[in-house]
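Novice: First to last, the protein sequences are chains A and B.
Every letter in the first sequence is one number past the one before it in the numbering used here, and letter 25, counting from 1, is 25.
To convert a position in the second sequence, counted from 1, into the numbering used here, add 1000.
No wet-lab data here; the hints were simulated from the structure.
Please note that the accuracy of each hint is not assured.
Pairs of lysine-lysine, DSS-like flavour, derived with a Cα cap of 27 Å [said to hold, decoys possible]:
no. : chain 1 : residue 1 : chain 2 : residue 2
1   : A       : 177       : B       : 1049
2   : A       : 86        : B       : 1086
3   : A       : 173       : B       : 1177
4   : B       : 1086      : A       : 4
5   : A       : 49        : B       : 1177
6   : B       : 1086      : A       : 132
7   : A       : 115       : B       : 1177
8   : B       : 1177      : A       : 50
Number of protein chains: 2
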Amino acid sequence: MKLKVVSFKACPFVQRVLIVLECKRIKYDVEYIDLAAPPDWFLAISPLKKVPLLIVGEDVIFESNVINEYIEERYDNKMHPDSLIKKAQNRSWIEFGSSVSMCTFRLTILQDKSKFIVELEELSNYFNQIEKVLVNEPFFNGSSLSLVDATYAPAFQRIDFIEQIYGSIYDKKRHRKVINWKNRLLDLEPLRKSTVPNIKELYYQLLWTRQGHISHFLDEETFGNRGPQSVY
Amino acid sequence: MKLKVVSFKACPFVQRVLIVLECKRIKYDVEYIDLAAPPDWFLAISPLKKVPLLIVGEDVIFESNVINEYIEERYDNKMHPDSLIKKAQNRSWIEFGSSVSMCTFRLTILQDKSKFIVELEELSNYFNQIEKVLVNEPFFNGSSLSLVDATYAPAFQRIDFIEQIYGSIYDKKRHRKVINWKNRLLDLEPLRKSTVPNIKELYYQLLWTRQGHISHFLDEETFGNRGPQSVY
């Protein structure tokens, strides 16, 4: 029974799942929907109106981290540590990754410059925390990829896109290990395969639609007139 | 090695963990802290400055759902279903429970009446979704308690406290199964043991401190003058 992932093309949470599927070399189909105009069949099976969904035969699983835990339990090539306590700590930092992702999301919708700056400081504080726990390399647990790596990579990719138009976001002195880690994650083949090829252009288009402060760092001529603000 | 839970007395997320510990009859200690003035040792080990923390010897685990998964994996009296797909779906609804909890939290801090009403409608929509999946009784999976039950019980308890001062929040026709479920959860001995005995008074005191719209349904004479708004 082939797995099916319901996706929105630029969604970082879907990517978390696709990275794990790629790492484990599991075959899957992706069905893209438009979250700005979601189809009825999607609304009927997605209680939070969010992607990803994983469809397994007649069954639906929602929430990216839950889907990843299911894939981890069902398939080989284990990505969680064996030790129960280390596994739990990995999961704690996966939850922390949700705060990083939400922060990264807010950076794209905040319209007020001062609020944008405060959010950048929050992100920097998160990096300070992560810096303290990054004792292994090249990845979170050392040489092999984990669900923690799959969780953070899509957020790092978006922060990278933001940096390309805004300028440096990491602190080269304080976030040395974080920078090394994210560079390794951004180079991963599973990360490349977890997105559509034009993800960067799609992401900038999304920033333009969201019309946050950050969108003023995009070239107005490329994106046309500003419409009403929308998340999708 | 006895488990230690770091708690804030009125915290619903800590309760999720204590309910599971009670259900599994595991011995534990609780250390209460004041989140309005958190001690340095706590800030050093809690990356999100939140409770609960589970301390296992030298190790720290954070995030209530992660802690519950650890307890589930390490100890007997299993609360997750055996089936991987049902287990994943339980976890999906645990994540959904976080949205319900956040909604319940926002009901306590929103100052604007119209925003409070909109939040109540959001909560009602969540109940509509839960009503659809409640096919078993008395609990989420049927006769035995699960991590899903442990996740929702503290939120239901708070909604109950709010109802006692505000009036009905559930829709008796649309939320029939939800109402039955929450009534069963509110009767549980592990729920009672998961809080301090004066939880209701503490909760109302917290509402007063948060000074949201809902605090106007409390008797002003009992709580004294209103200070600056604070979450804790």
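Novice: None of the hints should be skipped; say for each whether it holds.
Specialist: Hints and how they fare:
A distance of roughly 22 Å separates the Cα atoms of residue 177/A and residue 1049/B; the hinted pair therefore holds under the 27 Å criterion. Among the hinted pairs, residue 86/A with residue 1086/B is consistent with the structure: their alpha-carbon atoms are about 25 Å apart, no more than 27 Å. With a C-alpha separation of about 55 Å, the suggested pair residue 173/A and residue 1177/B falls outside the 27 Å cut-off, and the hint is violated. Taking the CA atoms of residue 1086/B and residue 4/A, the gap is near 17 Å; set against the 27 Å cutoff, the hint holds.
Taken as a hint, the residue 49/A and residue 1177/B pair is honoured in the structure, with Cα atoms around 22 Å apart against an allowance of 27 Å. Restraint check: the Cα-Cα separation between residue 1086/B and residue 132/A comes to about 36 Å, which exceeds 27 Å; the hinted pair is violated. Using a Cα cut-off of 27 Å, the hinted pair residue 115/A and residue 1177/B is violated, with the two alpha carbons roughly 43 Å apart. For the given pair, residue 1177/B sits about 25 Å from residue 50/A by alpha-carbon distance, which is consistent with the 27 Å threshold.
The structure does not agree with the numbered hints 3, 6, 7 stated previously, though it agrees with the rest.
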